Structure formats: structure tokens, C-alpha cells
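Trainee: Chain residues, written in single-letter form:
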Amino acid sequence: MAKMNMLQAINNALDLAMAKDDSVVCFGEDVGHFGGVFRATSKLQEKYGKARCFNTPLTEQGIAGFANGMAAQGMKPVAEIQFADYIFPAFDQIVNETAKFRYRSGNEFNVGGLVFRTPYGGGIAGGHYHSQSPEAYFAHTPGLKVVIPRDPYQAKGLLLASIASQDPVIFFEPKKLYRASTGEVPEEYYEIELGKAEVTQQGKDVTVLAWGAQMEIVQKAVEMAEKDGISCEVIDLRSILPWDADTVAASVKKTGRLVINHEAPLTGGFAGEIAATIQQTCFLYLESPIERVCGMDTPYPLALEKEYVADHLKTYEAIKRSVNF
Amino acid sequence: MTNPNNATITSVHTAEFTAGDALKIPTLRILRDDGSLYEGASAPELDKVTALKMYDTMVFTRVLDERMLAAQRQGRISFYMQCLGEEAATVGSAAALDDKDMIMAQYREQGALRYRGFTLEQFMNQLFSNEKDLGKGRQMPVHYGSKDIYYMTISSPLGTQIPQASGYAYAQKLRGLKNTTICYFGEGAASEGDFHAGLNMAAVHKTPVIFFCRNNGYAISTPANEQFVGDGIACRAVGYGMKSLRVDGADILAVYKATQMARQHAIEHNEPVLIESMAYRLGAHSSSDDPSGYRSKEEEEKWRQNDPISRYRLWLIEKGWLNDSDDKATIEALRTEILDALKVAEKVAKPGIEHLISDVYAEPIPALQQQLDELKAHIRKYPDAYPVTAGRLD
Numbered sequence: 231m232a233k234m235n236m237l238q239a240i241n242n243a244l245d246l247a248m249a250k251d252d253s254v255v256c257f258g259e260d261v262g263h264f265g266g267v268f269r270a271t272s273k274l275q276e277k278y279g280k281a282r283c284f285n286t287p288l289t290e291q292g293i294a295g296f297a298n299g300m301a302a303q304g305m306k307p308v309a310e311i312q313f314a315d316y317i318f319p320a321f322d323q324i325v326n327e328t329a330k331f332r333y334r335s336g337n338e339f340n341v342g343g344l345v346f347r348t349p350y351g352g353g354i355a356g357g358h359y360h361s362q363s364p365e366a367y368f369a370h371t372p373g374l375k376v377v378i379p380r381d382p383y384q385a386k387g388l389l390l391a392s393i394a395s396q397d398p399v400i401f402f403e404p405k406k407l408y409r410a411s412t413g414e415v416p417e418e419y420y421e422i423e424l425g426k427a428e429v430t431q432q433g434k435d436v437t438v439l440a441w442g443a444q445m446e447i448v449q450k451a452v453e454m455a456e457k458d459g460i461s462c463e464v465i466d467l468r469s470i471l472p473w474d475a476d477t478v479a480a481s482v483k484k485t486g487r488l489v490i491n492h493e494a495p496l497t498g499g500f501a502g503e504i505a506a507t508i509q510q511t512c513f514l515y516l517e518s519p520i521e522r523v524c525g526m527d528t529p530y531p532l533a534l535e536k537e538y539v540a541d542h543l544k545t546y547e548a549i550k551r552s553v554n555f
Numbered sequence: 002m003t004n005p006n007n008a009t010i011t012s013v014h015t016a017e018f019t020a021g022d023a024l025k026i027p028t029l030r031i032l033r034d035d036g037s038l039y040e041g042a043s044a045p046e047l048d049k050v051t052a053l054k055m056y057d058t059m060v061f062t063r064v065l066d067e068r069m070l071a072a073q074r075q076g077r078i079s080f081y082m083q084c085l086g087e088e089a090a091t092v093g094s095a096a097a098l099d100d101k102d103m104i105m106a107q108y109r110e111q112g113a114l115r116y117r118g119f120t121l122e123q124f125m126n127q128l129f130s131n132e133k134d135l136g137k138g139r140q141m142p143v144h145y146g147s148k149d150i151y152y153m154t155i156s157s158p159l160g161t162q163i164p165q166a167s168g169y170a171y172a173q174k175l176r177g178l179k180n181t182t183i184c185y186f187g188e189g190a191a192s193e194g195d196f197h198a199g200l201n202m203a204a205v206h207k208t209p210v211i212f213f214c215r216n217n218g219y220a221i222s223t224p225a226n227e228q229f230v231g232d233g234i235a236c237r238a239v240g241y242g243m244k245s246l247r248v249d250g251a252d253i254l255a256v257y258k259a260t261q262m263a264r265q266h267a268i269e270h271n272e273p274v275l276i277e278s279m280a281y282r283l284g285a286h287s288s289s290d291d292p293s294g295y296r297s298k299e300e301e302e303k304w305r306q307n308d309p310i311s312r313y314r315l316w317l318i319e320k321g322w323l324n325d326s327d328d329k330a331t332i333e334a335l336r337t338e339i340l341d342a343l344k345v346a347e348k349v350a351k352p353g354i355e356h357l358i359s360d361v362y363a364e365p366i367p368a369l370q371q372q373l374d375e376l377k378a379h380i381r382k383y384p385d386a387y388p389v390t391a392g393r394l395d
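Heads up: the protein sequence lines correspond to chains A and B, in order.
Number 360 in our numbering belongs to position 130 of the first sequence; there are no gaps in the numbering.
Number 336 in our numbering belongs to position 335 of the second sequence; there are no gaps in the numbering.
Okay, chain A solo, but in the shape it has when bound (with noise of 0.2 Å):
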């Protein structure tokens, strides 16, 4: 074990990926030997050599192609897109290549191994051009497999998981936790299964479902909850898609009731796909609404960001109203 931040996790998993298989590749803008610029590629480039670990000239849609075509080929390419912001000049490379290369060929040519990385989410003080979150757009793309982070060792297991993986997958890391996360991670390599959820704390009252950053925030409610003797079970979701709906039915089952909290803005954001399952599954187990904590159906704002965001407090709100419904 070591201490990690986020960042040094996620760095050496792909350390780690790139010593165990010749055929995995990092690239993408700033990625070579400056090591991104958030140095999740730091020294990559110095012990890999400039042909596994490069610069990108400035174009996601090249990125995501390349990336495509270096799969398709039987190679591992790690592409970074530098911000989730600017990942949609990539869509069509992602949404339309990427997820269907399998499907649309019969299974002659696939894209299994290739992974984008890249960091979303807001509490930088970024605007609405550094602090989207939108994994519900790829969350609609069947092909796709997407998957959050919260914490060092989640990252690490999950990006290994994701690299050795046979299927695409959109592997989004929670900026504002790069170097405010931190925590004990194994040196060796490990991986953490896709697809599946996990229940952090246990509890009776009522399940708080959320993923990445949001984690924290919701832990930060729950102990406030607590404190009311509300009795929270704590779901991090980890794989958007796909997701882990006998895990969330399961505690749904249990407590009768269930706030889900993201960044993104509510409208057509994956909480309402969550909801909409776990009141078909859960109807006559659910003592109150489903709670959705979100972000405003807004472009993510600047200077009233604390305001906006889905914080602990409206988290702490949502769960009373559930809880004395």
C-alpha cells in the first residue's frame, strides 16, 4: 500500500498497464512529455519512449479516430481528451464508430481495449466550459460502457478494469478530486469489476445513490442525517452503463426509499433512468418519491457555482423530505 492522490493512482495504473502489454498506447493534447495538463501521463513518455506516450495535434475528432482505428487494429490506445467539455467534437467518432464498430461489422472487427480518459465535473471554478458532466449523453449509447471514479483506489482498479476490458469505454475521473483525494492503494496491479455498484455504508432509513465526486458530498449529508437518526445505506454507482440495477433495487427493497444525487443538470440526466427502473422494480417496497438532487437544467454557471451545484445541503433536504414523506 501507498498513499495516492487521484492522480498519482491513475497514473500508475497506466504505468502499470503499459508495462504489463506492449499494445496499450497514451495519447492526446499536452499527454507526451509534459504528462497532460494535469500530469495524469507524467513520465509516461521518459519510460515508455514517444511512439506509446504523445502529443495530439488539437482535435478530439482525430483523437477518438485514431484511437478507433488503433483498436480496431487489436491495440489498447488510452486517448485523453483533455476536458469532457471539449469531448463533443468527438461524439460522432464515439457515439456513432466507437460504440457500434462490434455490432455494425458482426464481430469481424471490434474496439475492445480502447479506453477515453477524461476529467468532468465542476468545483474548480471552471464555467460552463471546464465543468460539465455529461455521461448521460454516452450513458444513451448502447456499445458504450461508462464508468466514475470517487476515490484513488477506485480509480486505479476501475481504469485497469476498463484498459483489459473487451468493450469501449468512456472512463470519466472526477477533476476536482485529482489531488484532493487521497488515500491507501495498493502498488501492485488489481482490478475492480465493471457494471457493478457498491454499497458503502450500510443503513435501514433510506438508500443515497450517487457516483464520482458526488460521493463525498453525499457522505457529507448522510452524517448530517445521521445525526437526525436517520439511518442512511450509501450506494456508489461506479459503472454508468452499465449499471448495477440489482444492487440499488436490492437496498431500495430494504429501506423503501431512495434520493439519487448528480452533477448534471436534471432534466434527462441518469437519475431519471434510475428512478424510472427502480419504481418499476421497487413500486410496492417505495414509502415515499424518489429524490433527485441535481444540477439546474442551466449551463453550469461561474461566479454562483455554490448556489447550482447538488451540494450536501440540498442532499441533507432531499433525504428528510424522503424520510418524513
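Keep in mind that the hints are not guaranteed to be accurate.
Said to hold, decoys possible - Here are the simulated DMTMM-like cross-link-like pairs (lysine to aspartate or glutamate), alpha carbons at most 20 Å apart as the crow flies:
1) B:207 - A:259
2) A:250 - A:418
3) A:277 - A:252
4) A:280 - B:272
5) B:133 - B:272
6) A:426 - B:272
7) A:450 - A:547
8) B:207 - A:428
9) A:536 - A:503
10) A:450 - A:428
11) B:179 - A:252
12) A:434 - A:453
In case anyone wonders, no lab produced these hints; they're calculated from the structure.
Note that the coordinates shown come from a computational prediction; the quantities given were computed from them, not determined experimentally.
Using the hints, position chain B against chain A.
Mentor: Same frame as chain A, but now just chain B:
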């Protein structure tokens, strides 16, 4: 001398534009309409077997197109795309490649596919989306693909294969394979952002890819002069620091020679090359298109005289490699063979219901399995409404 801006600085002291048409790229022509060679031109080295395989492939492609367009008109298949007028461009380029060079095509390159060895049965199975189709009946007709013969499955969105070809070729280079990737696209697709992205990525990362632009004059109804203003597509490569070559796309000897050169350069120097092939899309864009709405019969007739097959045929006869009389019989035999294969393929069953969810992921995710189970239960309830699958659900 270069500076931090990575551009040569030659100073002048009076302001002067460089004209937008300053760069003129010539067109390579070897074979005349009458089958003779242009003065000063020499035919590429071609053995008789290869030369005749190229000819047979062109003829096969033309007959296939004719039969399958007719089959579409009869309602037997839903859609078709011909490559009429561009047989030399696709066959000549494919013939200059190694069998393990990857082909990433747009959709009108059945000549290259056939040259690689895609069988008549494989064509038919794809066109009829039956259960023997390698693509499992998932894509509209003409979206062929085969891993065995290094032909990437076609994708409808235009130009997406361009940056992919750059990446595929980069992987070939990294693995030390002495192979190239050829990437076909039209002059219309060259307006897509992926064209810029793909060419720049290939040039910067020095990948052994051949960009083969089929400039055939039309993107559906839009003529090339409404697509771009510059001098064709070939000059754009120069802007990316890439070698470029323009060729008469109806002249199979010129196409073969150009592709051979491009391949050699790409592999020896790990550099991309662009070839612009100038031909004319003599047929409609697709079976859903009617060119009479945007171009004249006179224009088409003029280009019909520029037939790539007849020109090459005359050369082969002149060489003594082809008998003047044996063509009609060959074409008749091909028509029969194609019709027979069509009749077989159209009776082959559609893919089973499990292929609704297979290959979305390497293994179906739980939600997909559940959706399929629910669908099967529904079909069992209303079997008459789903005749393709109702009788064989398990």
C-alpha cells in the same frame, strides 16, 4: 530555416498574396482511350495473371452492379450502390496492394473488395441481410466487411474512416508490420472535419496510410464546384506536408502505378500519401437517387465514352492477353451465375433473434438479456406479427 512556428520564414518587404490557385497538380495518364499508351508513358510492370485478374474484377463488378440494381428495382433488395465509371479506380488501387494491407473503404469500392477475394455468395448474403451475412444482417446493403481479407466493415457516416485509417496504420507501424492502410473516400467526404483531422494526425504521427480520394464530380446531387473552390483535393495534402499525386481514375494503369508508388513510399518512409483519382460517377448516387434532376443526359453521355473497362480491354487485346471474342460469353455466364447466387441468398433465413443483442458488447449486459427475454415472451404471444422469428425462438 524553421522557427518555433514550424514554418519556413522567407522575408519579403512588400505585401503580396500567394494566390489560392498557385499550386497546380498534374494528372497522371498512361493509357489512352484507344488502348495505346501516351507518348513518354510506360505501363507499370504487370504480369499476365494479375492483369487479367484486374480485368475480370472490373467486369464482375460491372455485371454485379447491373444485376443488383435491377434486383433493387424488382424489390428484391432494399438498396444498392453502383460504382459505374469508377471500376478502374477501385480495382487498380486494390491490385497494387499486398493482401494484408488494410482496406478502409467508403461504400462504392466493391471492385477493391472483389479483388481481395470476397465471394459472390458473400456479396449476396450481405445484400440480402440473411443469417450467413458476415455482418449478421445489421447494415443496409453494400456495407460489406471481412476480417479475413483485411477489409474493414463499411460505416455509413461519411469520412469517419479517415482518422481511423491513420490510427490503424499507426498500429501497423508500431507492430513493425510492413503493411499499409488504404483509405477511400469521395471529394464530398473531404469536406468533413474528419478529413482534416485524419490527414493531419497521419502526417504528424508519420503513419503509412494511403488516402485515396475518389473525386467523381458529385456528392449525391452536389457538384464538386459547389463542394470546394480550391484545385481539387490533391493540393490539400501539400498543406499537411504530405506527398500527393493526381491520377486519371478511368485509367487503370495510371491508378495501379500511382498506388504502387504510394504504397512503397508509405512503407519505406512511414509517411502518408494522398492520391486523388479523377473519374465520373456515371450511375446514380444510390438506388434512391435520380440524377436526371441535377445533370443532363448529354453530360453523362460524354463521360460514358470515357469507359475505364473498354480502354483497358483494348490494351489487353493489343498485348495479346485477351481474345477479342470471348467477352460476351463471359458476361452472359456471369449474369447467370449472379442470378443463381441471388436466388439462393434470398431464400436463406434472416439472422436469429439472439443477434438483436449479440455484439453490442462482447457479452450481453444484464439489461439486454432481460430485454430479449421480454421480447421473446411478447413474440410468443403474437407470433403472426413476427413471422421472421416466431417459429424459431429457441
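Trainee: Against this structure, judge whether each hint is valid.
Mentor: Results of checking the hints against the structure:
With a C-alpha separation of about 17 Å, the suggested pair residue 207 of chain B and residue 259 of chain A falls inside the 20 Å cut-off, and the hint holds. Proximity of residue 250 of chain A to residue 418 of chain A is assessed by CA-CA distance (about 11 Å); at most 20 Å being required, the pair is judged to hold. For the proposed pair residue 277 of chain A and residue 252 of chain A, the alpha carbon gap of about 12 Å is at most 20 Å, so the pair holds. Proximity of residue 280 of chain A to residue 272 of chain B is assessed by CA-CA distance (about 17 Å); at most 20 Å being required, the pair is judged to hold.
For the hint linking residue 133 of chain B to residue 272 of chain B, the alpha-carbon distance of about 39 Å lies beyond 20 Å, and the restraint is violated. Using a Cα cut-off of 20 Å, the hinted pair residue 426 of chain A and residue 272 of chain B is violated, with the two alpha carbons roughly 44 Å apart. A C-alpha spacing of about 12 Å is found between residue 450 of chain A and residue 547 of chain A, which places the hinted pair at or below 20 Å, so the restraint holds. Our distance criterion of 20 Å between C-alpha atoms is broken by residue 207 of chain B and residue 428 of chain A, whose separation comes to about 44 Å.
Straight-line distance between C-alpha atoms of residue 536 of chain A and residue 503 of chain A comes to about 26 Å, which puts the hinted pair past the 20 Å bound. Among the hinted pairs, residue 450 of chain A with residue 428 of chain A is consistent with the structure: their alpha-carbon atoms are about 18 Å apart, no more than 20 Å. A threshold of 20 Å between alpha carbons decides the hint, and for residue 179 of chain B with residue 252 of chain A the separation of about 18 Å falls inside it, so the pair holds. Between residue 434 of chain A and residue 453 of chain A the CA atoms are separated by roughly 14 Å; this keeps the pair inside 20 Å, and the hint holds.
Violation of the numbered hints given earlier is confined to hints 5, 6, 8 and 9; the remaining hints are satisfied by the structure.
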